[in-house]
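Letter 157 of the sequence shown, counting from 1, is numbered 156 in numbering that gives the first Met the number 0, and no numbers are missing.
Read the hints as simulated data drawn from the structure, not as lab findings.
Among the hints, erroneous ones may be present.
[What the hints assert, rightly or not] Okay, derived cross-link-like pairs now, DSBU-like style, lysine-lysine, Cα gap no bigger than 30 Å in a straight line: (1) K44 - K277; (2) K78 - K97; (3) K277 - K288; (4) K290 - K84.
[As the list claims (entries may be wrong)] If you anchor each label on the Cβ, the simulated ranges turn out as follows: (5) R280 - K88: 25 to 35 Å; (6) A353 - R171: 35 to 45 Å; (7) K84 - V170: 44 to 54 Å.
Yeah, the Cβ is synthetic: ideal placement off N, Cα and C, and Gly gets one too.
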Amino acid sequence: MSATVSVFASPSSWIESAAVDQCHQVAALDGMLHVAGMPDLHPGKGAPIGAAMLSTVLYPFLVGSDIGCGIAVFPIRLKRPVPEKLARKFPDLDVSLKTEDPAWSYVEPSIPAGHTEHLGTVGRGNHFVELARVDTVPLPRPGLERGDLVLIVHSGSRGLGERILRAHTEVRGAGPAEDPAAYLAAHDDAVRWGSLNRRLMAARVALALGATPEEPIVDECHNSVEVRDGVYLHRKGAARGDGRDVLVAGTRGTPSYLVAAHAGPEANYSVAHGAGRKMSRSDALRRGKAKHTVEELRRTRVGSIVVCGDRQLLFEEAPTAYKRIEQVIGDLTAHDLATPAAVTVPLVTYKTAARS
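Assemble the whole structure, with the sequences as input and the hints as a guide.
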């Protein structure tokens, strides 16, 4: 008998049938108990993205290769920020952090799993580092006021998680973990590594912009698995939603939302992690080139600047390739999974270094 499936989206939300089909395919796996689709649900490679999946069996492929991917929010204090000037000061986050870099003095020195490759780098795809301004604070948060600036960092384990998944799939494919305890130990290293990497990038950017690095006010992973009440709760593109604040990312040209999450068991204690794609990368590239110029994508409709030297990535990550973040937040609110606490508007979004 298949597990139950719940999708927390309104009839007006853009949810592809392929994504719902994937939820039901996952529900048919041995040991699966319940699949919860978030309002940013979209199809992934073999499993849905924007879903939380509860099972008596641990399936590494449901977490995917970017174990530990998440979003952190850091306060940053700058005087009279001018986006054009600040965009030029962003460090090259494609280049690994050097051992003598001052950013190291703001983090714990130990490196999970001894994985030194790509430390302090953002990666590609939908990963980014963004300087944003707090626009409204509908739910008061200590130390967060309208007009404050924050750094939003979205990145993962930069190859470590991929190595962990590959070690599993070469032996078991999409099957369950042969040794759940060993997988969980490696997984936990990747989650810690992802958090360290986000902190290092925030420190690199803060120092480059002339600010003192600060501790994050939010740092939540959205590709993970946890043991909860004796069973495995897998999250792929879904954040923990049991009584914590979560940053639900918009796009390069739209707001993001800090929400107070209060999701219950029907949603597998989870909330959305972002706007969610509504176009494949190939579709976004084809349609974007017909609709936008590179210059239009580097200066968004909210007046922010996108730092991205990769023209293809600019089109693949265009705001039009994503669902409406307002709809996602509206669905979270309507289904009583979260309450908006603060809204941020981008000033500078870094994707990959600008090329001359």
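- Message: I want to verify a distance hint. Is the separation of the beta carbons of R280 and K88 within 25 to 35 Å?
- Response: Because 29 Å falls inside the window, the suggested range holds.
- Beta-carbon spacing of K84 to V170 - inside the hinted bounds 44 to 54 Å or not: Hint holds: Cβ distance 52 Å, inside 44 to 54 Å.
- Query: CA of K78 to CA of K97, is that 30 Å or under?
  - Reply: holds, 28 Å
- Take a quick look at whether K277 and K288 sit within 30 Å of each other, Cα to Cα. holds, 17 Å
- Mind checking the hinted window 35 to 45 Å against the Cβ distance between A353 and R171? At 42 Å between Cβs, range holds.
- Query: Is K44 close enough to K277, meaning Cα to Cα at most 30 Å?
  - Reply: Judged against 30 Å, a Cα distance of about 15 Å means the pair holds.
- Would you check the hint for K290 and K84, treating anything up to 30 Å between C-alpha atoms as holding? This hinted pair holds, its Cα atoms lying about 28 Å apart.
The structure meets every hint from the earlier list without exception.
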